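**Student:** Turn these sequences into a full structure, and let the hints guide you.
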Amino acid sequence: MSLAVEAKKVVKQFGNIRALDELSFQIKTGEIYGLIGPNGAGKTTMLRIISTLLLPTSGTVHVFGQNVTNNASEVRKILTYLPEEAGAYRNLSGWEYLKFMAKFNTTNTEKIQQIIDEAAKISGLGERLKDRAKTYSKGMKRRLLVARALMTKPKLAILDEPASGLDVLHAYHVRKIIKNYVKEHEVTVLLSSHNMLEVEYLCNNVALLDKGKIIVEGSPKNLITKYECENLEEVFAKVVGYA
Amino acid sequence: MLKGFRTILLKELKELIRDPKILVGMIVVPLVMFPILGLVLGYAVESAQEQAQQATLLIIDNDGGNWSQTFIGYLENTGININLENNLTPQQVIDQNLLPQNNSTQFIEIPLGFSANMTEHTEGNWEINAVINSYGVFQGGGIFSDIGSSGITAIINSFNRAIAPNVLYTTQSTIIKGEIQQGIDPSALSGLMISQSLALPMTIIIMLTYAMQIAATSVAMEKEEKTLETLLTMPVDRFAILMGKLSSTVIVAGIAAIAVMIGYNYMLGSVTLGIQSQTSIDLVNLGLVPSPIGYILLGISLFITLLSALALAVIMSAFAEDVRGAQALIGYIYPIIFIPTLALIYLDFNTLPDIIKTILYAIPYSHPIIASKAVVFGDYTTVIFGIIYVTAFTIVIMYVASRLFATEKILTAKLRFKRKKKENQSQ
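So the sequences go chain by chain: A and B.
Just so we're aligned: 173 in numbering that gives the first Met the number 0 is position 174 of the first sequence, and the numbers increase by one with no gaps anywhere.
Just so we're aligned: 278 in numbering that gives the first Met the number 0 is position 279 of the second sequence, and the numbers increase by one with no gaps anywhere.
Among the hints, erroneous ones may be present.
Below, computed lysine-lysine pairings styled on DSS-like, alpha-carbon distance capped at 25 Å [what the hints assert, rightly or not]:
hint : chain 1 : residue 1 : chain 2 : residue 2
1    : B       : Lys-225   : A       : Lys-76
2    : A       : Lys-152   : B       : Lys-225
3    : A       : Lys-98    : B       : Lys-225
4    : A       : Lys-225   : A       : Lys-210
5    : B       : Lys-2     : A       : Lys-154
6    : A       : Lys-129   : B       : Lys-225
7    : A       : Lys-102   : B       : Lys-356
Bear in mind the hints are in silico, worked out from the structure with no lab data behind them.
No experiment lies behind these values; they were computed from the predicted model shown.
**Tutor:** Structural data, given as structure tokens:
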């Protein structure tokens, strides 16, 4: 199976702080890969490097064979990025927002319409898409943004805390969208999360990050078995020496 | 005392005082700005007084009698520099360029019959008065520009007190663009022009500050909502993102400049009509409103300046993390808008020393104000120079803005700073 993402010895230095410390991992095409860890572990920094927002201090990252540093514009054509706690344009309706974003991918009117229809299906927002984004609840906004990230069927979707802060029903809907979409369209997903149960439910493989380093990597099931724990939360606590 | 009031008050004060943006914007800026304005005002009064002292008064003695000699002698005793000419009409004074030759901006004509009328009056025929005609060149200077002419009026009043009350009257006329406008008092005209020259700079200040806030908020909102982060990962040229932002502000700036021009034109018309019935001053007839070309040039100057301010606002907001931060950063630009604008209200630009002129020329936001005075007198060269200068400044600003958006450097630096803070917090 070909590689969607290949990170080799990635270092990111912010002044005196080493946010990423020789991070290496691989993501196979079509899988859901989770970066998990506490605040400040380096998850968002890694996602930003892959999505061409930040440059690595050293090391290399390839997305479907394209180097994110030297070939950023090509990489941007094949990925979508959903920042943590991102918003939509308050005075655009959900429908207008989706159309605005779709236009960056194609100028063909029919294709734009298809993309928006797809997003409408994914978001499940129905008639509310006609309303301005400022009238949306947090959960509705997140569903809109997840739909935006998936509607173009990108080769790689990078989702930073996709269900963070959502109520049970919205979080359930978002997770279901991601899981089903990957299955149906062979999209590769890289996500970060604090929520170990969410990761356990969604991800084929996970990397546990702490202080900019991967401390353990594998499938949730294998990690739970290997560390003789009941869930990933316990595994994490055990490997960082908390439990 | 209200329960909990003190606790909340202390918390609020701590929050406000510890925010460097508020400290600088609300405390440091006024502390710096007002002393500078004080210096400007002090300088304005001083320079106007100096000019009045140094001014030479040209006297045209068309009477040649004993009383005209007495009057001239009285004026000489007050310490005014006097140059004397005989037997010339006021129009000849202007045609022969006698004012610039005598380094003067005003002259007095002692008309034929002056001495005869004075003699009649002093011999008890109280109904007969003497008249002198005073002529002043209108320059459209600052608020203190008529200090010189007021000085001469005071001297004539004191002459009256010394000789006989109400013996001497003056008629006031103004020389505008080389033509004598009979019966128009330069002080009244100056007052009227100042009332208008205050309105345009104030409107420009409001428009610039408001437009900059909007532009900065637009970018900062994108950052705060993380929509900019999303956009930067889309398959779109980053220069296109910047140009999209700037172009929308250009359209708004264009509409704003046209709106100001229409409003300003309407205001000139209404002020003229209002004053006309009382003092017979009609700025349109006097040629003291801009020509159509003047309006167009003033509009262009205003538009380019707005564009430059908006581009600067976009750049500055790129360094802010949120809307509040962007607005605070924009606040730092306000002094360089306010100081030249207020200075140009009070000062006559043409009489300023070269160093201050250079400083004012160097500040792009001075140019619409300079232009608003220059177009009235048909000085299009100054306006066009200003437009070229501000255009060049705007191009530089837009280039810097494009580098900010087109390369990842500034984004990385900004995110690095933000990230560092987060890291520090988590530690």
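**Student:** All hints are to be evaluated individually against the structure, with a verdict given for each.
**Tutor:** Okay, the hints, checked on the actual structure:
As the CA atoms of Lys-225(B) and Lys-76(A) are separated by approximately 19 Å, the hinted pair is consistent with the 25 Å bound. Only pairs whose Cα atoms come within 25 Å are accepted, and Lys-152(A) paired with Lys-225(B) is accepted, the gap being roughly 22 Å. At most 25 Å may separate the alpha-carbon atoms for a hinted pair to count; Lys-98(A) and Lys-225(B) meet this at roughly 18 Å. A hinted pair counts as satisfied when its Cα atoms are at most 25 Å apart, and Lys-225(A) with Lys-210(A) qualifies at roughly 23 Å.
This hinted pair does not check out: Lys-2(B) and Lys-154(A) have alpha carbons roughly 60 Å apart, beyond 25 Å. Among the hinted pairs, Lys-129(A) with Lys-225(B) is consistent with the structure: their alpha-carbon atoms are about 22 Å apart, no more than 25 Å. Restraint check for Lys-102(A) and Lys-356(B): not satisfied, since their Cα atoms lie roughly 50 Å apart, outside the 25 Å limit.
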